[in-house]
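> Below, each chain spelled out in residue letters.
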Amino acid sequence: MPTEDITPEDARRALSEISAREQGSAARLEWPLWRELVLTGLVSGMVLAPLAARPFDILLIIACCGGILAMVRDYTRQPVWVSGYRKGRTQPMTFVFAGFVIALYLGSFAGYHTTGLWWIPVAASALMFLGFTVFNRIWMAVWRAEIREGRP
Amino acid sequence: MSGFDPVIHPLNRLQICAVLAPHDEVEFAVVREEVGVSDSVLSKQVRHLEEAGYVAVRKATVDTRQRTWLSLTKSGRAAFNGHVAALRRLAAAAE
Numbered sequence: 000m001p002t003e004d005i006t007p008e009d010a011r012r013a014l015s016e017i018s019a020r021e022q023g024s025a026a027r028l029e030w031p032l033w034r035e036l037v038l039t040g041l042v043s044g045m046v047l048a049p050l051a052a053r054p055f056d057i058l059l060i061i062a063c064c065g066g067i068l069a070m071v072r073d074y075t076r077q078p079v080w081v082s083g084y085r086k087g088r089t090q091p092m093t094f095v096f097a098g099f100v101i102a103l104y105l106g107s108f109a110g111y112h113t114t115g116l117w118w119i120p121v122a123a124s125a126l127m128f129l130g131f132t133v134f135n136r137i138w139m140a141v142w143r144a145e146i147r148e149g150r151p
Numbered sequence: 000m001s002g003f004d005p006v007i008h009p010l011n012r013l014q015i016c017a018v019l020a021p022h023d024e025v026e027f028a029v030v031r032e033e034v035g036v037s038d039s040v041l042s043k044q045v046r047h048l049e050e051a052g053y054v055a056v057r058k059a060t061v062d063t064r065q066r067t068w069l070s071l072t073k074s075g076r077a078a079f080n081g082h083v084a085a086l087r088r089l090a091a092a093a094e
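Chains as they are written, first to last, in numbering that gives the first Met the number 0: chain B, 0 to 151; chain X, 0 to 94.
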């Protein structure tokens with residue numbers, strides 16, 4: 000269709016159709032509580048690894064990583080799925096959170112091995128559980144708002 | 000009109016891109032329900048978008064069933080965003 004044949008009214012109708020389809024599609028994304036709890040548990044569980052003696056600390060990390068990979072594989076086989084690294088307002092949030100996760104892991108390992116205080120990995124794990132839960136909710140809210148407001 | 004994309008503009012293709020845009024991947028059956036067309040119509044429109052390099056198709060077997068997911072490629076996402084921006088400019092110019 001030549002561009003000059005498109006009227007402003009056509010453009011408005013097309014935009015309205017796009018918005019309806021985007022919102023209908025976005026409403027299909029499911030993030031059930033069981034998936035959130037299992038994933039949050041695995042991510043937080045890994046922070047407790049320093050408390051276990053060798054080789055159980057390494058086995059715990061391997062088991063948690065395996066569980067996370069299995070969860071990701073299951074998630075990407077859902078009818079619709081969206082990555083945490085998608086472009087938009089959610090992307091910088093994801094990078095900031097990734098930094099928070101790395102800092103907690105390193106803090107847990109370094110803190111326990113230098114001081115021997117058992118509560119450091121426990122506190123880091125609890126903080127991870129809380130942070131991951133809050134992050135999930137904020138990320139989803141920002142993503143839904145972005146879809147509602149339309150693309151740039 | 001800068002950004003206007005004649006490959007995307009036909010209604011069904013515009014709807015397909017809009018269904019795919021919020022996600023990384025969307026299953027073929029979901030796109031069919033959202034767009035409200037038959038399998039054959041959707042396949043034909045997806046083929047057009049695939050040939051333009053705008054849509055990628057992934058197949059996987061889940062519980063012994065073959066399933067298909069569609070996604071916008073990087074160039075497809077850029078073309079769709081450009082097209083939406085062109086429509087917005089046209090709609091705004093008349094206000």
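Everything labelled a hint here was simulated from the structure, so no lab data went into it. From a predicted model like this one, the values you see are computed outputs, not experimental measurements. The reader is advised that the hints may include incorrect statements.
What the hints assert, rightly or not - Pairs of lysine to aspartate or glutamate residues, derived as EDC-like cross-links and limited to a Cα-Cα distance of at most 20 Å, are as follows:
#, chain 1, residue 1, chain 2, residue 2
1, X, K58, B, D73
2, X, K43, X, D62
3, X, K73, B, E145
4, B, K86, X, E32
5, X, K73, X, D62
As the list claims (entries may be wrong) - Pairwise CB distance ranges (calculated):
#, chain 1, residue 1, chain 2, residue 2, range
6, X, R88, B, L32, 24 to 32 Å
7, X, R88, B, A102, 42 to 50 Å
8, B, V133, X, G81, 50 to 58 Å
Backbone N, C-alpha and C define an ideal beta-carbon position, used for all residues, glycine too.
> The structure should be examined with respect to each hint, and the outcome stated for every one.
Here is how each hint holds up against the structure:
1. X:K58 to B:D73: holds (15 Å)
2. X:K43 to X:D62: Cα-Cα ~27 Å, so violated.
3. X:K73 to B:E145: Within the cut-off at roughly 19 Å; holds.
4. B:K86 to X:E32: violated (26 Å)
5. X:K73 to X:D62: Given that 20 Å is the threshold and the Cα spacing comes to 30 Å, the pair is violated.
6. X:R88 to B:L32: 24 to 32 Å: violated (43 Å)
7. X:R88 to B:A102: 42 to 50 Å: holds (44 Å)
8. B:V133 to X:G81: 50 to 58 Å: violated (35 Å)
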